[in-house]
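With the sequences and hints as input, model every part of the structure.
Listed in order, the protein sequences are those of chains A and B. Everything in the first sequence is counted per numbering that gives the first Met the number 0, starting at 0 for the first residue and increasing by one. Everything in the second sequence is counted per numbering that gives the first Met the number 0, starting at 0 for the first residue and increasing by one.
Identical copies look the same in the list; a pair holds intra-copy or inter-copy alike.
Keeping only pairs whose Cα atoms sit at most 27 Å apart, straight-line, the calculated DSSO-like set for lysine-lysine is: (1) 64 - 242; (2) 78 - 3; (3) 78 - 242; (4) 170 - 242; (5) 206 - 3; (6) 78 - 206; (7) 242 - 3.
Hints listed in this document are in silico derivations from the structure and should not be mistaken for laboratory results.
Protein chains: 2
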Amino acid sequence: MEKKAEHEIKIIGIGPGSGAAMTQEAAEALEESEVIVGYPLYLSLLKERFSGKEFLSAPMRQEEKRCRMCYEEAEKGKKTALVCSGDAGIYGLASLMYELLPQYPDCRLTVIPGVTAASSGAALLGAPLNHDFCAISLSDLLTPWEQIEKRLAAAAAGDFAIALYNPSSRKRADYLGRACRVLLENGVEPERPCGYVENIGREGTRKHICTFRELMETQVNMFTTVFIGNSQSEMIGDALVTKRGYRL
Amino acid sequence: MEKKAEHEIKIIGIGPGSGAAMTQEAAEALEESEVIVGYPLYLSLLKERFSGKEFLSAPMRQEEKRCRMCYEEAEKGKKTALVCSGDAGIYGLASLMYELLPQYPDCRLTVIPGVTAASSGAALLGAPLNHDFCAISLSDLLTPWEQIEKRLAAAAAGDFAIALYNPSSRKRADYLGRACRVLLENGVEPERPCGYVENIGREGTRKHICTFRELMETQVNMFTTVFIGNSQSEMIGDALVTKRGYRL
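Structure (C-alpha cells):
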C-alpha cells in the first residue's frame with residue numbers, strides 16, 4: 000500500500016476582495032491553519048479576522064517563492080494554508096503548487112474552491128455569463144500574446160460571452176484596446192452590450208455598463224474584470240443579461 | 000428622481016450540493032429571508048439548516064413558474080430568496096429573473112454569487128482550469144445543437160481548457176460522445192488528459208481521471224461535470240493540471 004503523504008497543504012480561494020464572499024469551508028480551513036501564506040494585499044485583508052496565525056508573504060512576481068514557503072512550512076509540521084483571491088484554481092496558484100509537488104513527496108494538496116471574479120463581477124452587472132462563456136487573461140507575462148489573440152478570435156467565432164481577467168497593468172495600458180480590436184475583427188459588433196467591474200468585494204467597488212464601441216476606448220486598471228456579452232445579450236434596465244433561451 | 004423598486008429579491012447561488020461550500024454572504028441572505036424558492040432537490044438540502052422558512056418549489060422544466068413565484072411572494076411584501084445550485088449567474092436562473100423583471104416594476108434583483116461546478120469540480124481533480132477556459136452546456140433544451148457544436152469547435156480551435164455542464168440526461172445519453180467527436184475533429188488529441196466529477200458536494204461524490212480517448216467511450220449521468228485539458232495539460236500524480244506557464 001502506498002504511504003499517504005503526511006503534510007496536507009490547503010490551497011484556498013477566498014473569493015473576491017475582503018472575504019465577505021468567502022465560503023464557510025474556506026473560513027473553517029483558515030481557522031484550522033497555523034500558517035497562512037499569500038500575496039501581501041490579501042493577507043492584510045485576513046489578518047484581523049484570523050488573528051493569532053502566522054502570516055507569510057512574498058510580493059507579486061514571486062509566486063514560486065510563495066509556493067515554496069508553503070511546502071517549507073508544511074514540512075516543519077505546521078498546518079499550512081495558501082490563500083488566493085477568487086478561486087485558487089482559476090488564474091490562481093493551484094497549478095503551480097501541483098507543478099512543485101513532486102519535489103516535496105511528504106506533502107499533499109487539497110484545493111478549496113472560491114467564488115471567482117467571473118461570478119462575482121457578473122453578479123454585480125446582472126447576468127452576463129448566463130450562457131456558455133470563456134475566461135481569458137490578457138496578461139502576457141506567462142502567455143505569448145499570439146496565443147491570447149488566438150483565444151480571443153476563437154471566443155468571438157464561437158459567440159461566447161467573455162470574461163477578461165487581468166485586462167491591464169502599468170506596462171500593458173493598451174491591452175484591452177488591442178484585445179477589443181481582435182474581437183471586432185472576428186465579429187463582435189460595436190453595439191454589443193458590455194460591462195466592467197473595478198475592485199470587486201473591496202472598498203471602491205464600481206460597476207460600469209457600456210457598448211463594445213465604448214469599451215474599446217476605455218482605460219481600465221488592473222483590479223478590473225471586463226465582461227463582453229454574446230450576440231444575444233441585452234440590456235434589461237441597467238443590467239447586462241445573456242439569456243439562456245427560455246421561451247416566454 | 001426615479002422611485003426605487005421596493006421589493007428586493009435575492010437570487011442566491013448556494014454552491015455545489017448541500018451547501019458546505021456556500022458563501023457566508025449567501026447563508027446570511029437565506030437567514031434573513033422569509034420565503035425560499037427553488038428546485039425541490041436543492042430545497043430539501045436547505046430545509047434542516049434554515050428551518051422556520053417558507054419553502055416553495057416548482058419541478059424541473061418549470062423554471063418560469065419558479066421565477067414568477069418569487070415575484071408573487073415578493074409583491075406580497077415577503078423577503079424572498081431564489082436559490083440555484085452553484086452560481087445563479089452561470090446556467091442558473093439569474094437571467095430568466097431579469098427577463099421577467101420588466102413585468103414586476105415594484106421589484107428589484109440582487110444576485111449573490113456562488114461557487115460554480117467548474118470551480119468545485121476542478122478543485123477535486125487538481126487544477127484543470129488554471130489557464131483560459133470555456134464553459135459549455137451540452138443541453139439542447141434551450142440551445143440548438145448546431146450552436147453547441149460551433150462552440151465546441153471554437154473551444155478546441157482556441158486551445159481552451161473546457162468544462163462541460165449538463166453532459167447527459169436520459170434523453171441525451173450519447174451527447175458527451177457526440178461532443179467529443181466534434182472536439183476530436185477540431186484537434187483535441189486522444190491522449191489529452193481529462194476528468195469528470197459526479198455529485199459534487201453531495202453524497203456519492205466521485206472523481207475520475209481519464210484520457211480523452213476514454214472519455215469518448217464514457218457514459219456519464221446528469222449530475223456530472225466534465226473537464227477537458229488544453230494541449231499543455233498534464234497529469235501530475237493523480238491530479239489533472241493546466242499550467243499557467245511559470246518558468247521553474
